[in-house]
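S.K.: Quick mapping for you: the protein sequence lines, in order, are chains A and B.
Mapping to the numbering used here: the first sequence position 171 is 171, numbers consecutive.
Mapping to the numbering used here: the second sequence position 38 is 283, numbers consecutive.
Careful, some of the hints might be misleading.
[What the hints assert, rightly or not] As a list, the in silico DSBU-like pairs of lysine-lysine whose alpha-carbon atoms are at most 35 Å apart:
1. 320(B) with 267(B)
2. 212(A) with 42(A)
3. 196(A) with 254(B)
4. 254(B) with 76(A)
5. 76(A) with 320(B)
6. 42(A) with 196(A)
7. 255(B) with 164(A)
Derived from the structure by calculation, the hints contain no laboratory data.
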Amino acid sequence: MFDLKGKNALVTGATGGIGGAIARALHGQGATVAISGTNADKLEALSSELGERVFVLPCDLRDRPAVAQLADTAEKTLGQVDILVNNAGITHDNLFMRMKDEEWDDVIAVNLTSVFTLTRGILRGMMRRRAGRIVNISSISGVFGNPGQGNYAASKAGLVGMTKSLAREVASRGITANCISPGFISTPMTDALTEKQTEAIAAAIPAQSFGKPEDIAAAVVFFSSDEASYVTGETMHVNGGMIMV
Amino acid sequence: MSDISERVKKIVVEHLGVEADKVTENASFIDDLGADSLDTVELVMAFEEEFGCEIPDDAAETILTVGDAIKFLDKNTAA
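Work out the full structure, taking the sequences as your base and the hints as a guide.
M.R.: So this is what it looks like as structure tokens:
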């Protein structure tokens, strides 16, 4: 089950906690992975760790032409992209009344617009081959809202609507598009929370603890597999029961 | 022209899975040949690949029939 041998995957944000785990898990199932991110050193370190079947494709997702270029480069490097995991995400948290235009724009550019641009670029080959897996990493914030994350929550909720529309368009072509909505996962992003915040959040989670990046990676492996061919437009919540929708 | 016409018709037959005799120059992809909007995008992609040219979106929107495609490609590809 969930064998990905012979498949090629592109993972954005592979230098992050969740992205690294996703790249390792897809690779572990036999896929060749192209890992993207902005920190070339971290990408190289991950590449060395994985050894073979890995390519490093640095890209700044704020830069729209560079994102379009990433789609082309990935297709050329891998031959074809069978699995696209739009994982990259940034936060610039601020109270709504204090949020600067740049904080809004930056988060929307990286978390939402780049997903559109990259997916559009990769879609052409998937359409031609009548096969493809697109997995977008959303967030519990996009579903439930979170104070201080008006920009982040908007971008992550936007992904859900985008993914559902895309799923409807391309389902007849053998391509699935799904979201994963992580709850609170132990990563550098959540390390920014204060101890008090961390305790309060954990108390609101039925599983009583933060998740691991591997919990998200396992869901990505499922959506990426041939076995998940009949699942599309879905959002899988991986959050220890924090919200049940 | 006839060569382009044959190649266009072949792509349409293959892509839409329709009988070759239905693919006349007046045939509309959507109204006569049962294409949906996504099929028309894919047809344009297939034409681009077959003829090694780029069909801009505003031109693609004017390609509604088999004849439209043949005319456009006749004008815009080096023979």
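S.K.: Now tell me if each hint is right for this structure.
M.R.: Evaluation of the provided hints:
no., hint, result
1, 320(B) with 267(B), "24 Å, holds"
2, 212(A) with 42(A), "20 Å, holds"
3, 196(A) with 254(B), "68 Å, violated"
4, 254(B) with 76(A), "30 Å, holds"
5, 76(A) with 320(B), "31 Å, holds"
6, 42(A) with 196(A), "30 Å, holds"
7, 255(B) with 164(A), "34 Å, holds"
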